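Trainee: Chains as they are written, first to last, in numbering that gives the first Met the number 0: chain A, 0 to 693; chain B, 0 to 693.
Treat the hints with caution; some may be incorrect.
Pairs of lysine-lysine residues, derived as DSS-like cross-links and limited to a Cα-Cα distance of at most 27 Å, are as follows [claimed, not checked]:
1) K249(A) with K539(B)
2) K249(B) with K265(A)
3) K93(A) with K130(A)
4) K393(B) with K249(A)
5) K511(B) with K249(A)
6) K249(A) with K262(B)
7) K130(A) with K393(B)
8) K650(A) with K587(A)
9) K249(B) with K277(A)
10) K224(B) with K249(A)
11) K639(A) with K511(B)
12) K93(B) with K130(B)
13) K393(B) with K393(A)
14) K224(B) with K639(A)
15) K249(A) with K265(B)
16) K539(B) with K393(B)
17) K249(A) with K265(A)
18) K650(B) with K639(A)
19) K393(A) with K265(B)
20) K511(B) with K650(B)
21) K650(A) with K249(B)
22) K262(B) with K262(A)
23) K650(A) with K511(B)
24) K224(B) with K139(B)
Away from chain A, derived, C-beta distances all over 12 Å, residues of chain B [to be verified]:
25) R245
26) E268
27) R319
28) G350
29) E377
30) P449
31) N496
32) T519
Rough simulated footprint, nothing fancy, chain A against chain B, three-plus residues with beta-carbon under 8 Å [unchecked claim]:
33) 76-87
34) 528-541
35) 584-594
36) 625-631
Hints in this document: simulated from the structure, not taken from any laboratory.
Values in this document were obtained by computation on a predicted structure and should not be read as measured data.
For each residue, glycine too, the CB sits at the ideal point set by N, CA and C.
There are 2 protein chains.
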Amino acid sequence: MSTDQISYAPMAAPVKQIATHPLCPITAAEIKQSVDLIRSLYPAKTDFVFKAITLEEPQKAQLVPYLDAEHSGRKLPHIDRKTFVCYYLRNTDKFHEAIVNLFQQRVESNVRLGPNIHGPGDWEEILLVEKIALEDEGVKAEIAKLDLPQGTAVLCDPWIYGSDGINDDLRMYQCFLYMRDPNDPSNLDSNHYAFPLAISPVVDCVDFKVIRIDMCPTGTDHATKEAQASWLPPPNEYTPEHQNLRTDLKPLNVVQPEGASFKVTKVGETGEIIEWQKWSFRVGFNQREGMVLYDVRYAGRSIFYRLALSDMIIPYGDPRAPFHKKAAFDLGDAGAGAMANNLKLGCDCLGSIHYLDAVLATARGEPMPMENVVCVHEQDAGIGWKHTNYRTGKAAVVRSRELVIQSIITVANYEYIMAFMFNQAGELTYEVRATGIVSTQPIDEGVDVPWGTIVHPGVLAVHHQHIFSLRVDPAIDGHANRLVYDEIHPMPVSDFNPHGVGYTVAETTVQKSTGLDTNTDTARTFKILNESSRNPVNGKAVGYKIHAPPFQKMVADPESFNHKRAEFADHNVYVTRYRDGELYAGGKYTNQSRGGAGVRAWANRKESVVDEDIVLWLQFGLQHVTRVEDFPVMPCEVIKLQLKPVNFFDKNPALDVPPSNQEFNRSTLVTEQHKQPAVEGRVGEGAACCSSKL
Amino acid sequence: MSTDQISYAPMAAPVKQIATHPLCPITAAEIKQSVDLIRSLYPAKTDFVFKAITLEEPQKAQLVPYLDAEHSGRKLPHIDRKTFVCYYLRNTDKFHEAIVNLFQQRVESNVRLGPNIHGPGDWEEILLVEKIALEDEGVKAEIAKLDLPQGTAVLCDPWIYGSDGINDDLRMYQCFLYMRDPNDPSNLDSNHYAFPLAISPVVDCVDFKVIRIDMCPTGTDHATKEAQASWLPPPNEYTPEHQNLRTDLKPLNVVQPEGASFKVTKVGETGEIIEWQKWSFRVGFNQREGMVLYDVRYAGRSIFYRLALSDMIIPYGDPRAPFHKKAAFDLGDAGAGAMANNLKLGCDCLGSIHYLDAVLATARGEPMPMENVVCVHEQDAGIGWKHTNYRTGKAAVVRSRELVIQSIITVANYEYIMAFMFNQAGELTYEVRATGIVSTQPIDEGVDVPWGTIVHPGVLAVHHQHIFSLRVDPAIDGHANRLVYDEIHPMPVSDFNPHGVGYTVAETTVQKSTGLDTNTDTARTFKILNESSRNPVNGKAVGYKIHAPPFQKMVADPESFNHKRAEFADHNVYVTRYRDGELYAGGKYTNQSRGGAGVRAWANRKESVVDEDIVLWLQFGLQHVTRVEDFPVMPCEVIKLQLKPVNFFDKNPALDVPPSNQEFNRSTLVTEQHKQPAVEGRVGEGAACCSSKL
């Protein structure tokens with residue numbers, strides 16, 4: 000890492016703290032101040048490309064005492080407000096990262112990074128690259144050879160270049176071309192992924208010009224063909240205007256006549272504290288991670304210090320150039336915050352909805368208001384618990400209510416719906432729904448390949464993996480926690496176990512930072528424990544257990560760039576000793592990364608993780624063997640990861656949820672004719688609730 | 000199998016067909032007729048105990064042509080209506096099963112079963128056994144030694160005896176004793192599982208008397224103590240009256256102003272056809288399985304011939320007598336139909352609900368009406384699919400609606416909530432929610448054991464498994480189907496795969512009936528295919544794939560009775576060649592069974608299952624390491640098994656679902672003060688739906 004011009008702005012008199020809490024996301028004013036302070040380091044006419052301007056979170060050593068003081072009502076210590084800025088000098092490869100101290104009004108550090116450290120894409124750049132690729136004379140010439148019908152619109156999806164170690168020191172984009180339905184040129188929402196082309200221009204990001212035009216293989220091997228006119232496949236549209244819509248779906252409304260059960264407290268311009276059913280936490284939002292939850296507590300007891308999706312990789316299975324470079328890190332390469340949808344009422348959630356806004360920065364360093372990037376709402380999650388006393392016929396039943404903190408991102412063709420879900424039993428679920436349009440490429444008629452499925456005539460959807468890493472910074476009754484795992488072992492047949500039915504639970508404590516795997520055959524279950532806090536009923540250490548669905552790890556070769564770069568994708572769980580700034584499992588800069596800067600490297604420090612300040616990196620994912628049913632847009636594939644209390648409470652924490660009855664729920668009896676009698680008429684009966692058959 | 004008196008009632012003139020469809024569950028009249036015909040075989044005063052009187056489903060060779068004729072509007076062939084009856088001659092071990100032909104008004108067969116074949120429990124018997132155990136002088140004497148406070152109620156939970164091969168040819172119950180809160184004797188719903196006693200009477204089921212009183216070990220080994228007065232633990236109640244209920248949960252109502260989207264067609268007295276969002280199927284209900292789905296089709300295309308939960312086993316991990324015999328087969332030993340809750344409006348489901356009733360038979364052979372044993376309703380399942388065109392900002396989003404067919408059973412201390420859930424993407428989910436009260440036993444103060452968790456002072460909840468078997472009789476575009484599995488294999492690094500990122504899918508066809516396991520490391524995925532029906536887009540065989548969460552198989556020793564009896568619990572999937580009457584994975588009679596009569600035995604016929612009429616037995620389950628949070632009643636543990644189309648449709652079948660917008664969904668904006676502006680005022684904005692950040 001070479002450094003130039005560690006510079007300082009002229010020391011200004013300290014100004015009053017800008018934000019009202021150290022964890023509030025940065026404000027528009029703070030973005031402007033940060034940019035001004037960076038600009039002041041350079042000659043007046045210097046042109047910048049800002050890749051990210053976000054909150055530089057306080058060091059934990061500072062923030063923990065602050066939070067403790069806050070929760071115990073003591074005087075709050077002062078913490079300097081800081082921002083993190085990374086930027087290029089425009090039309091150069093000079094990539095910098097800086098820490099700006101807004102309280103002291105100075106640039107604390109400004110470091111030029113590299114070589115082979117590249118910043119993420121940004122909207123301005125992506126649109127520029129599209130334009131450059133499509134206006135390039137060489138690309139135009141190739142497109143002309145296709146002899147497309149008059150007025151056919153050709154589109155360009157710029158892809159992060161990926162890495163293969165071959166002439167890829169330059170920061171570049173690999174562009175994939177498609178066209179809209181040639182027979183419906185006016186349809187701007189035509190699904191161009193049904194018309195992939197075999198032309199793939201490469202654009203460099205210093206001079207911003209096409210430096211190479213790759214032709215894509217469309218057969219069973221690496222061979223490529225000259226661009227040429229060919230048979231046009233039919234369209235395959237997903238927009239409602241092009242469907243013969245079902246007419247027999249009746250509305251289903253979620254009505255909360257007394258409003259929602261959660262409370263939102265605004266903190267300054269950008270901060271939000273959410274309280275619901277004994278849970279409390281702060282919500283942050285940034286360019287890279289999108290939603291971040293801080294200081295998660297239940298009935299005042301500390302459980303998590305920080306929660307956020309840390310990274311994801313989507314490697315594809317086609318071995319052939321240029322497709323072998325398709326391995327997207329959507330958070331590090333693009334940003335879950337930068338790609339967040341503007342959620343609209345009645346479209347993305349049902350019920351009584353609260354939206355959170357955010358402010359990010361444009362490439363020009365201007366504040367970019369992001370409206371409705373997070374929605375907060377409750378949902379019914381079915382029966383929470385039930386028991387019927389068969390002797391008296393008395394049933395006790397409660398429903399499970401969930402609080403959902405949801406954000407949706409669009410990364411070119413694909414969508415992810417991400418949500419934190421809290422329930423009344425002290426459980427936290429992180430859910431990802433994968434949807435959107437599978438990435439497509441052209442394939443010759445009559446050809447089939449074992450690394451993908453033909454989802455439309457002439458269109459191949461290559462199999463791929465989605466591997467996610469959720470970063471969990473626990474603080475279970477405090478910051479000194481440990482990771483253990485339980486395993487079930489059959490007892491040997493013996494005089495003590497004469498019938499061979501006995502089995503026991505064995506607990507193993509993880510000693511050093513490392514990567515670990517699940518084992519279904521022993522029901523291996525990972526738990527985060529606080530040895531110093533004991534359950535009053537049975538004296539066991541209080542904790543939370545991790546329920547994550549097992550998944551196929553990174554399939555790519557251990558020597559491949561995919562494996563080296565996705566440092567989290569080879570184990571179900573990584574545990575590391577906490578260090579400030581270690582937030583992203585794949586490393587801070589994933590664009591054309593080389594590996595060695597992420598969680599695998601940190602775990603290799605082999606630090607003690609027993610009753611220390613530890614961090615868990617929880618991986619989950621899916622192997623997406625594509626189906627025709629996944630096109631032209633795929634039904635959501637849902638993955639849930641759960642964190643559940645284990646001997647943390649002294650009984651079922653949902654025991655005090657009010658019973659589920661008709662006065663409260665006001666359901667309706669459907670006659671076969673779908674007539675609806677007045678709800679009122681049935682309250683008495685409903686209130687009786689279930690009785691057993693006796 | 001010894002047989003006596005294969006008898007026939009005097010041949011009566013054929014009477015008119017009673018039910019209007021061969022798959023309609025039997026009526027009260029058919030129960031009466033069946034009983035009369037059985038009685039006519041015996042002397043007038045003979046006393047019977049009827050264990051089950053249910054529909055004897057037509058042989059498939061008869062029913063398939065009937066269904067084909069039905070769907071093609073051709074004349075329906077005649078099928079004799081038959082019932083299955085199993086019964087004891089009261090106060091004997093003479094257990095019989097009979098087939099009664101109601102159309103011909105004769106008993107077709109009547110066979111005495113045994114030895115070591117025992118019928119299930121029934122309500123009358125369970126209550127009788129409770130009474131006998133508690134009124135036994137020896138048991139009373141043991142209870143007296145406890146010196147319980149005046150008025151303390153002692154309760155008896157009879158458990159199916161299980162099998163261990165030691166003096167267990169007799170049909171018996173192992174009873175476990177508890178008491179209600181001694182300090183609140185008037186509370187009939189006191190949670191007696193918080194007060195387990197160490198006295199365990201054994202009742203025989205011929206003479207119905209206590210034949211042995213076992214004392215339960217309460218320490219770390221097999222040693223038992225004399226009954227004696229001891230310290231009384233505090234109560235731990237679950238009923239709402241005993242809770243300090245939360246007061247900040249606001250109502251959440253599901254309102255369907257136009258009614259539900261499903262159509263129910265009554266067929267005769269007991270049949271129901273349900274149609275919803277292109278799905279159609281018949282619902283049956285019987286003593287053993289509870290809900291059964293027949294002839295499941297989507298847009299008229301056949302997918303499944305029959306679906307039902309086939310069996311479950313709950314083996315416990317305590318090696319010590321009498322606890323080692325705790326291994327419940329709740330379907331075969333008790334009956335998911337017989338134990339079904341009477342569901343009440345507003346308690347167990349939200350929205351517009353339709354209930355199904357059933358008629359079962361009492362031990363006396365009387366019809367037992369079962370009201371509201373199944374509820375049918377729709378629920379919102381979040382976003383179904385979404386894509387935003389970042390170039391135009393246009394978002395297309397639909398919600399996923401599910402149709403839920405739900406039944407809830409109470410088996411003494413425990414509850415299971417079972418549901419079939421259909422969605423608009425052609426997917427079928429089977430969900431089980433495990434709740435209720437964990438089985439408890441006494442443990443001495445200061446003692447800890449590795450096979451259970453102390454959940455309350457003096458109360459141990461032993462670790463246990465729940466292993467379920469869902470029987471899937473597929474008919475995917477016809478009855479000749481095959482089972483295959485896909486696996487993902489990395490390509491070797493080579494000139495063809497120079498970067499080591501390539502991987503391929505390999506499909507293996509299962510040749511012979513057998514048990515098979517999942518493999519997460521290769522993403523092994525089982526698929527049911529019809530080789531003779533090809534996808535129009537890619538020519539692949541149409542099919543459905545199986546997504547079932549992996550689970551720890553039966554932990555008990557392969558030589559143990561638990562392993563021998565639970566013939567399904569050792570593999571994720573069993574595939575067998577169809578044979579009439581093979582419906583229950585653990586065998587027809589699980590009570591004190593010895594094994595050898597279930598799916599493992601059938602699979603061992605090693606019949607060809609390639610493009611044949613096959614049956615899938617899909618296992619799933621959970622290893623329940625108990626937590627304090629699971630007491631006094633446990634939060635639902637949810638398990639889902641999914642069946643998803645794979646190249647069955649020519650595109651995403653949910654593409655034609657109407658878009659999700661505010662006119663339809665009528666959500667509400669929550670202000671921080673929870674005021675609710677009129678929905679109308681926001682329709683215009685909502686209708687715009689999401690736009691991207693561009």
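Trainee: Hint by hint, note whether the structure agrees.
Mentor: Hints and how they fare:
1. K249(A) with K539(B): The given pair, whose Cα atoms are some 35 Å apart, is violated under the 27 Å limit.
2. K249(B) with K265(A): holds, 21 Å
3. K93(A) with K130(A): Measuring from Cα to Cα gives roughly 23 Å; hence the hint holds.
4. K393(B) with K249(A): With Cα atoms ~25 Å apart, K393(B) and K249(A) stay inside 27 Å; holds.
5. K511(B) with K249(A): Violated, because 46 Å separates the two Cα atoms, which is more than 27 Å.
6. K249(A) with K262(B): holds, 12 Å
7. K130(A) with K393(B): Measuring from Cα to Cα gives roughly 20 Å; hence the hint holds.
8. K650(A) with K587(A): violated, 42 Å
9. K249(B) with K277(A): holds, 14 Å
10. K224(B) with K249(A): violated, 64 Å
11. K639(A) with K511(B): Judged against 27 Å, a Cα distance of about 35 Å means the pair is violated.
12. K93(B) with K130(B): holds, 23 Å
13. K393(B) with K393(A): Given that 27 Å is the threshold and the Cα spacing comes to 52 Å, the pair is violated.
14. K224(B) with K639(A): violated, 47 Å
15. K249(A) with K265(B): Cα-Cα ~21 Å, so holds.
16. K539(B) with K393(B): violated, 34 Å
17. K249(A) with K265(A): violated, 37 Å
18. K650(B) with K639(A): Distance ~26 Å between K650(B) and K639(A) Cα, so the pair holds.
19. K393(A) with K265(B): violated, 31 Å
20. K511(B) with K650(B): Given that 27 Å is the threshold and the Cα spacing comes to 32 Å, the pair is violated.
21. K650(A) with K249(B): Holds - the C-alpha atoms of K249(B) and K650(A) are around 24 Å apart, at most 27 Å.
22. K262(B) with K262(A): violated, 40 Å
23. K650(A) with K511(B): violated, 49 Å
24. K224(B) with K139(B): Within the cut-off at roughly 17 Å; holds.
25. R245: It is violated; R245(B) is separated from chain A by about 5 Å at its closest Cβ, not greater than 12 Å.
26. E268: Per Cβ check, E268(B) is outside 12 Å of chain A; nearest 14 Å; holds.
27. R319: Given that some Cβ of chain A is not farther than 12 Å from that of R319(B), nearest at about 8 Å, it is violated.
28. G350: violated, 6 Å
29. E377: Violated: least Cβ distance 6 Å, not greater than 12 Å.
30. P449: violated, 4 Å
31. N496: Label violated. Min Cβ-Cβ 4 Å, cutoff 12 Å.
32. T519: At about 4 Å from chain A, T519(B) fails to clear the 12 Å cut-off, so the statement is violated.
33. 76-87: violated (count 0)
34. 528-541: With 4 residues closer than 8 Å to chain A, the stretch 528-541 of chain B meets the three-residue bar; holds.
35. 584-594: Check failed, 0 qualifying residues.
36. 625-631: holds (count 6)
Hint check: violations occur at hints 1, 5, 8, 10, 11, 13, 14, 16, 17, 19, 20, 22, 23, 25, 27, 28, 29, 30, 31, 32, 33, 35; the rest are consistent with the structure.
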